[in-house]
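Whole structure, please, built from the sequences with the hints as guidance.
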Amino acid sequence: AVSKCYFGNNCDININNRHICTSCRLAKCFMNGMSIEMIRSHRYEKNNKHEKRTSIADSTQSTLTTFVTIKKQQNPEPITTSNLLQSDQSTITLDQWNLLSNLVHCFDENSGYTLVESFIEEQNRLPLKLRFKYSLVYDFFTSMMGNVQIAFEKNRDFLSLSRHDRITLLRTTVEYTSTIGSIFTLRQYKLFNYPSFYESAEIIFQPSATVFIKRVIDQLDPDNTFIKLILAIVAFSTINYIVYRKNIEIDLTNNKVMLPFQDMYTDLTWRYLLYKYGHYEAVKRFSNLIRCLFAVTGAIAEAHESQKFTEMIDSIIEQTEQTFLL
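Under the numbering used here, residues 1 to 326 are what the sequence shown spells out, in order.
By construction, these hints were calculated from the structure, which means they are not laboratory data. Here the structure is a predicted model, which means the values were calculated and not measured. The C-beta atom is built at its ideal place from N, Cα and C for all residues, glycine as well. Some clues are possibly wrong.
[Said to hold, decoys possible] Listed next, with one range per pair, are the computed distances between beta-carbon atoms:
1) Lys154 <-> Glu121: 25 to 31 Å
2) Gln322 <-> Thr114: 20 to 26 Å
3) Met31 <-> Ile239: 44 to 50 Å
4) Leu293 <-> Glu321: 22 to 28 Å
5) Val211 <-> Pro127: 15 to 21 Å
6) Asn288 <-> Asp12: 14 to 20 Å
[Claimed, not checked] Here are the simulated DSS-like cross-link-like pairs (lysine-lysine), alpha carbons at most 27 Å apart as the crow flies:
7) Lys284 <-> Lys190
8) Lys256 <-> Lys154
9) Lys190 <-> Lys308
10) Lys4 <-> Lys28
What follows is the structure, encoded as structure tokens:
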């Protein structure tokens, strides 16, 4: 039987990555004209029956020849099965597949895609001169960044932490998670392609920060699942502030509490890349990620020059901490 697709039956199969997904590869084969008879296990069965009929009909063959023919039929040469991934030995366990599936589902359900789509539809109904005005774009960014954070609040590993550690993680990572998550959404919906939207973003975050944001959009890996895994790693990172802020607790109850989560998500990310792209491509993607994170750091540092960005972050922290009290 052909394995099911773990990525929504939407894998982009080509000659270089055809090993990544049995289901999508077979579907593409059929789409390009392959028939069921072309699968080797089926063809072998058909040819095997033909050989038997030929052997029985040919009564003039010697006893030795007949014996050799029958012996060959009883012990056929090994054939490849219809499972196109049989030779691939994925190191991802069933528990890790479940973790990956739950992570992607949680992000998709809570990161505010509906909000973005509604916003774009509303703007497209307006006259060109009235679209993506500053006040509307400001409110949109505030809501979008808050929704991205919700995806991590509902992560079961995050919820397993003490309230103190959740608040500490929130305050130390929110700038990264909300920024990367928002940039990911901007990339998905190509919002920077709207000149009026870009101009409003420059007013909110400063032109220099917008340049960094555009750079991250261009560098961001096209694999959406990989980006969601990176966001999970960042959400459990004990990173220091880029810009000093007052009245912020930066000490966890026990730093070692974070290590199992950091190791778990980092290990899953690496195994996922190896499974889907192989070692060489996995290394390239991680290297590109490091460059991308430097650009994110630059964007956050520049955005802090704008009071509006700081206000957004403070608002997200305040709203999230209130949910911890419920």
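Hint by hint, here is what the structure shows:
no. : hint                          : in the structure
1   : Lys154 <-> Glu121: 25 to 31 Å : holds (26 Å)
2   : Gln322 <-> Thr114: 20 to 26 Å : holds (23 Å)
3   : Met31 <-> Ile239: 44 to 50 Å  : holds (45 Å)
4   : Leu293 <-> Glu321: 22 to 28 Å : holds (26 Å)
5   : Val211 <-> Pro127: 15 to 21 Å : violated (29 Å)
6   : Asn288 <-> Asp12: 14 to 20 Å  : holds (18 Å)
7   : Lys284 <-> Lys190             : holds (25 Å)
8   : Lys256 <-> Lys154             : holds (22 Å)
9   : Lys190 <-> Lys308             : holds (23 Å)
10  : Lys4 <-> Lys28                : holds (14 Å)
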